[in-house]
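There are 2 protein chains.
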Amino acid sequence: MKKISIVGIGPGGLDEMTPKARRAIESAEVIAGYNTYIKLVGEIIGGKKIIGRAMMQEVERAQLAIQEALSGRNVAVISSGDAGVYGMAGLVLEMILDLPEKNRPQFEIIAGISAVNAAAAILGAPLMHDFAIISLSDLMTPWELIKKRVYSAAEADFVIALYNPKSKRRINQIIEVQQILLQFRKKNTPVGIVTNAGRENQKKIISTLENFTQEDINMFSLVIIGNSQTFIKENFIITPRGYSI
Amino acid sequence: MKKISIVGIGPGGLDEMTPKARRAIESAEVIAGYNTYIKLVGEIIGGKKIIGRAMMQEVERAQLAIQEALSGRNVAVISSGDAGVYGMAGLVLEMILDLPEKNRPQFEIIAGISAVNAAAAILGAPLMHDFAIISLSDLMTPWELIKKRVYSAAEADFVIALYNPKSKRRINQIIEVQQILLQFRKKNTPVGIVTNAGRENQKKIISTLENFTQEDINMFSLVIIGNSQTFIKENFIITPRGYSI
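Top to bottom, those sequences are chains V and S.
Take 794 as the starting number for the first sequence in our numbering and just add one per residue.
Take 794 as the starting number for the second sequence in our numbering and just add one per residue.
One chain only, chain V, in its complex shape (with noise of 0.2 Å):
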């Protein structure tokens, strides 16, 4: 029995690779995760069996994986960013323990560089103070509990970060979030789009909540709105670590 190792690989250059997530891609012999991902790491991972189909389930990817792992093979599951924040480390961890204590491969959650902080190191310095991180994919989430997030995150003054901001098929949610920022903070509050953060074709916007919505978003984009104190200076987002009082 084997280990499976559930790896955040970070925006996606092997630059911005952890040594250990390196080495544990490296040292397995089977790589589980999406097409998209599986690619951005194909470097390193000649010659390793490949669980990655496009149209497969999360669930039963991690089924294989985790069936490898048992027969024998070191199994590295990866996620873009950080496996840990809408990644797959919470699915796959709570299928090994349930598990018998017995028959469970060895396993390890290795952090990444999450895109959040990847798209901030771009824009500036958005996340100096406290901020909250959404996701508008309304998939495994109630809308209303989305919208009652922004509510909450914009009523007091946290700066927001939006995850799955927008796809093809869903496209008002994100106009529905400004207009309740724009009932907390000014027309003016500054807002950064990066789309492909770290990879090739990586695209830096700077707007305002009153122009952002009409930008390119798509869903390699990461949206973060500044709070009230949060300023542009020239091609640069800055949110000030102290409150001015």
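Rather than coming from a laboratory, the hints here were simulated on the basis of the structure.
Bear in mind that the values here come from a model prediction, so they are computed numbers and not experimental data.
The reader is advised that the hints may include incorrect statements.
Taking lysine-lysine pairs in the DSSO-like style, the calculated list, with each CA pair at most 27 Å apart, reads [claimed, not checked]: (1) S:Lys940 <-> S:Lys895; (2) S:Lys841 <-> V:Lys796; (3) S:Lys842 <-> V:Lys997; (4) S:Lys795 <-> V:Lys940; (5) V:Lys997 <-> V:Lys832; (6) S:Lys961 <-> S:Lys997; (7) V:Lys796 <-> S:Lys997; (8) S:Lys1026 <-> V:Lys895; (9) V:Lys795 <-> S:Lys961; (10) V:Lys941 <-> S:Lys979; (11) V:Lys996 <-> S:Lys961; (12) V:Lys996 <-> V:Lys1026; (13) S:Lys979 <-> S:Lys940; (14) V:Lys997 <-> V:Lys961; (15) S:Lys941 <-> V:Lys980; (16) V:Lys979 <-> S:Lys940; (17) V:Lys940 <-> S:Lys979; (18) V:Lys979 <-> S:Lys997; (19) S:Lys940 <-> S:Lys997; (20) V:Lys895 <-> V:Lys941; (21) S:Lys996 <-> V:Lys895; (22) S:Lys961 <-> S:Lys941; (23) S:Lys842 <-> S:Lys796.
Which residues of chain S face chain V? A partial, calculated answer using Cβ under 8 Å [what the hints assert, rightly or not]: (24) Gly839; (25) Phe924; (26) Ser945; (27) Ile1025.
Even glycine gets a Cβ: it sits at the ideal position worked out from N, Cα and C.
With the hints as your guide, set chain S onto chain V.
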């Protein structure tokens, strides 16, 4: 004129520092940062000039770092975790952009594994759903605003991560936070505490909302409080991605 790199070194060990961050430190002639952080990267900074006196204020350290770069030396300003999360990124970036464009050093911000991501990987998978990051340090933020954020995050069922939860001087705030949270969440809500994540003397505690304030918490601890769906399984905390609705 040389480059100033604002570097997140990750939780501590070289094994969780990205190649990009390591290269910036290795190629710098001058390193600026707290003594604690300087020690963490001691292996790779032999012979370099250090700007890191313990009592030095952050503004003074940033000024000296920028002066060094303007004098023709490569400089790395280091923060543990991610420099963009309660670190040095905002201050240094603002000071650089305040200089006339022709008198500026080149600069870059390099993301690191943030403390919350490192702690989460140790605890299991507590951050799999929307979460709020709140620092309990009231040095530069009014305590009333911090409490308001705790209220809002509690009410909207965010997983909550607390930075700077407690220090020798500041011991009551965490109790107030607990009291607020108990108005919204069950007594047995999972709470994880990781002290010295990724460093020597790493300590992991799995507790509950009712009991966690009695645990050993200090300025090197990060506290993660689950949402209404979070559960403890053996010695791990898991927040499911989906909501049971």
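Right, here's what the structure says about each hint:
1. S:Lys940 <-> S:Lys895: It is violated: about 44 Å lies between the C-alpha atoms, which goes past 27 Å.
2. S:Lys841 <-> V:Lys796: violated, 40 Å
3. S:Lys842 <-> V:Lys997: Between S:Lys842 and V:Lys997 the Cα gap is close to 35 Å, so the pair fails against 27 Å, i.e. violated.
4. S:Lys795 <-> V:Lys940: violated, 46 Å
5. V:Lys997 <-> V:Lys832: Given that 27 Å is the threshold and the Cα spacing comes to 23 Å, the pair holds.
6. S:Lys961 <-> S:Lys997: Judged against 27 Å, a Cα distance of about 20 Å means the pair holds.
7. V:Lys796 <-> S:Lys997: holds, 22 Å
8. S:Lys1026 <-> V:Lys895: With a Cα-Cα distance of about 16 Å, the restraint between S:Lys1026 and V:Lys895 holds, given a limit of 27 Å.
9. V:Lys795 <-> S:Lys961: violated, 44 Å
10. V:Lys941 <-> S:Lys979: holds, 20 Å
11. V:Lys996 <-> S:Lys961: violated, 44 Å
12. V:Lys996 <-> V:Lys1026: Judged against 27 Å, a Cα distance of about 18 Å means the pair holds.
13. S:Lys979 <-> S:Lys940: Satisfied, since the Cα-Cα distance of roughly 19 Å is no more than 27 Å.
14. V:Lys997 <-> V:Lys961: Satisfied, since the Cα-Cα distance of roughly 20 Å is no more than 27 Å.
15. S:Lys941 <-> V:Lys980: holds, 23 Å
16. V:Lys979 <-> S:Lys940: Holds. V:Lys979 to S:Lys940 sits at ~23 Å (cutoff 27 Å).
17. V:Lys940 <-> S:Lys979: holds, 23 Å
18. V:Lys979 <-> S:Lys997: Roughly 42 Å separates the two Cα atoms, so the pair is violated.
19. S:Lys940 <-> S:Lys997: holds, 26 Å
20. V:Lys895 <-> V:Lys941: Given that 27 Å is the threshold and the Cα spacing comes to 43 Å, the pair is violated.
21. S:Lys996 <-> V:Lys895: holds, 26 Å
22. S:Lys961 <-> S:Lys941: Roughly 23 Å separates the two Cα atoms, so the pair holds.
23. S:Lys842 <-> S:Lys796: holds, 15 Å
24. Gly839: violated, 19 Å
25. Phe924: holds, 5 Å
26. Ser945: Holds, because the Cβ-Cβ distance from S:Ser945 to chain V comes to roughly 4 Å (cut-off 8 Å).
27. Ile1025: violated, 10 Å
When each numbered hint is compared with the structure, violations occur for hints 1, 2, 3, 4, 9, 11, 18, 20, 24, 27.
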